[in-house]
Amino acid sequence: MTNETLIEKYFSKRLTTDESLEFQKLYDTNPNFKQEVDFLKTVRTVTETEDDAQFKKQLESYESEYIPEEKSTTKTWLKPLIAAAGLILIMFSINFFMTSNSNEEKLFSTYFEPSKNVTSPIVRSADHETILNNAFIAYDEQNYKQAIALFESSYQTSKQSELLFYEGNSLLALGDTNLAIEKFKEHLKYSDILTHRSHWYLALAYLKIKQTDKAKHELNALLDSGETFKKAEATSLLKKLN
Amino acid sequence: MEQHFVDALKNDDTKLIKVIYGDYRNEFIFFSKKYNIAEADSLDIYQEAFLAIRKHAISGKLQDVNSSFKTYLFGIGKHLIYNKLKEYSSKQSYDLILHKADADYEEITIDTSEKLTKEQELLRHYFKQLGKSCQQMLTLSFYRGLTNDEIATLEGYENEGVVRSQKSRCLKTLKNLIKNPLNND
Chain A
1 MTNETLIEKY
11 FSKRLTTDES
21 LEFQKLYDTN
31 PNFKQEVDFL
41 KTVRTVTETE
51 DDAQFKKQLE
61 SYESEYIPEE
71 KSTTKTWLKP
81 LIAAAGLILI
91 MFSINFFMTS
101 NSNEEKLFST
111 YFEPSKNVTS
121 PIVRSADHET
131 ILNNAFIAYD
141 EQNYKQAIAL
151 FESSYQTSKQ
161 SELLFYEGNS
171 LLALGDTNLA
181 IEKFKEHLKY
191 SDILTHRSHW
201 YLALAYLKIK
211 QTDKAKHELN
221 ALLDSGETFK
231 KAEATSLLKK
241 LN
Chain B
1 MEQHFVDALK
11 NDDTKLIKVI
21 YGDYRNEFIF
31 FSKKYNIAEA
41 DSLDIYQEAF
51 LAIRKHAISG
61 KLQDVNSSFK
71 TYLFGIGKHL
81 IYNKLKEYSS
91 KQSYDLILHK
101 ADADYEEITI
111 DTSEKLTKEQ
121 ELLRHYFKQL
131 GKSCQQMLTL
141 SFYRGLTNDE
151 IATLEGYENE
161 GVVRSQKSRC
171 LKTLKNLIKN
181 PLNND
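So the sequences go chain by chain: A and B. Residues in the first sequence are numbered from 1 upward in steps of one, following the working numbering. Residues in the second sequence are numbered from 1 upward in steps of one, following the working numbering.
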């Protein structure tokens, strides 16, 4: 077993008894091994601290939805107004649910989530000031307008077809559906590791503009491609459309 | 313990976490009122207890716990309430014994997390300069203890080889940031 595998198993707590002994022996006798493991232990502590801090923020964000009790002493003249507003809201929502047209829209928002960046890990530092790196930073931060411009410019010079995929995702997230469709179609002309995934997003884009047949066609194409990405989602969406 | 609650905490199922958080929130505030905890403090304590139960879920500690999720959560809460009362009592005279009578929930002691050392703080500083996907990758590998295969499935990477090479790139970047801090600050 390589040292790398041994270390990986150590951090995922999957070492067998024998492997534990081997690990401990290396740790005690090999200074380089010890240095690497100690570094990674620090990484573990740091990621734990950061992860906790993120989770704490998440919990705090829930609190914004709870209204403090003192504020609930609403002025009396507001009450009939609130009732009227409520009534109007109910009427609107009945109207909303009665129109079946919005069904596609709802399915779209249920299923659509911009793809994660699985192509290039981004680096925040001065010596990584490349257009592509900045494009992925903007994309990660959901700053899609900027991301689109940067992907476009990076694609023009590098002709890296995967960038079309992320550009399409950004356009779709911004609601620029027709342009997104163009991008995904263009991406499908190439063959890279993300090509099949474009079928999924193209299907959602068609769904958004209510071209259900084309959406179904793309979903079938995704399933036929043997790609496991979004397989379960595609199957369930297809069922709902049929 | 309810396995789906434990899984939700382990797998960051934010929707379900939000529901669980809401389910016990008001009852917990009411519970801490019995101990004369100020409302602002009781929310802090509730969140602290929630964070602690998540840590226990991730570390696998909840695997052999027989009590319900709620009993465990309130047990941790009780521990934190006692700590808070001690804090109150150091500021003014406060009779702690009065409150020991409550037997609804058994107190569950938790480890208080230690402050980061200088070296760790420094690493944290550089860690934050990494991209989101690198941060996520390292968190899943080292804190959560996921294997490369598991990360590939969870995050939609092509295969474990891609995860392996991305992870080593992330670590390399992190090490470079530490070595050459002048270029980056």
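Calculated directly from the structure, the hints in this document are not laboratory data. Beta carbons are placed, not taken as given, at the ideal position from N, Cα and C, and that holds for glycine. Don't take each hint at face value.
Computed from the model, here is a short list of chain B residues facing chain A with C-beta under 7 Å [unchecked claim]:
id : residue
1  : Q120
2  : L123
3  : H125
4  : Y126
5  : F127
6  : C134
7  : T147
8  : A152
9  : T153
10 : C170
To spell it out: a stretch of chain A is covered by chain B in this simulated footprint if at least three of its residues, at any positions, have a beta carbon under 8 Å from a beta carbon of chain B; those stretches are [what the hints assert, rightly or not]:
id : segment
11 : 35-48
12 : 54-64
Results for each hint:
1. Annotation: B/Q120 was flagged as interfacial toward chain A, and the flag holds, the nearest CB pair being 6 Å apart, inside 7 Å.
2. At a threshold of 7 Å, the smallest CB-CB gap from B/L123 to chain A is about 5 Å, leaving the interface hint in force.
3. Interface hint at B/H125: violated, since its Cβ lies 9 Å from the closest Cβ of chain A, which is beyond the 7 Å cut-off.
4. Here the hint on B/Y126 is broken, as its CB sits about 9 Å from the closest CB of chain A, past 7 Å.
5. With a cut of 7 Å, the hint placing B/F127 at the interface with chain A holds, because the nearest CB-to-CB distance is about 5 Å.
6. Interface hint at B/C134: satisfied, since its Cβ lies 5 Å from the closest Cβ of chain A, which is below the 7 Å cut-off.
7. Below 7 Å, beta-carbon pairs count as interface contacts, and B/T147 has one with chain A at about 5 Å; its hint therefore holds.
8. The restraint placing B/A152 at the interface with chain A is violated, with a minimum CB-CB distance near 10 Å, outside the 7 Å limit.
9. Residue-level restraint check for B/T153 is violated (minimum Cβ-Cβ distance to chain A is 9 Å; threshold 7 Å).
10. This hint holds: B/C170 has a C-beta 6 Å from the nearest C-beta of chain A, less than the 7 Å allowed.
11. Counting residues of the segment 35-48 of chain A whose C-beta sits closer than 8 Å to any C-beta of chain B gives 9, which meets the bar of three, so the coverage hint holds.
12. A count of 7 residues in the segment 54-64 of chain A with a Cβ less than 8 Å from any Cβ of chain B is obtained; the coverage claim is therefore met, three being the minimum.
Hints 3, 4, 8 and 9, counting from the list given before, are not met by this structure.
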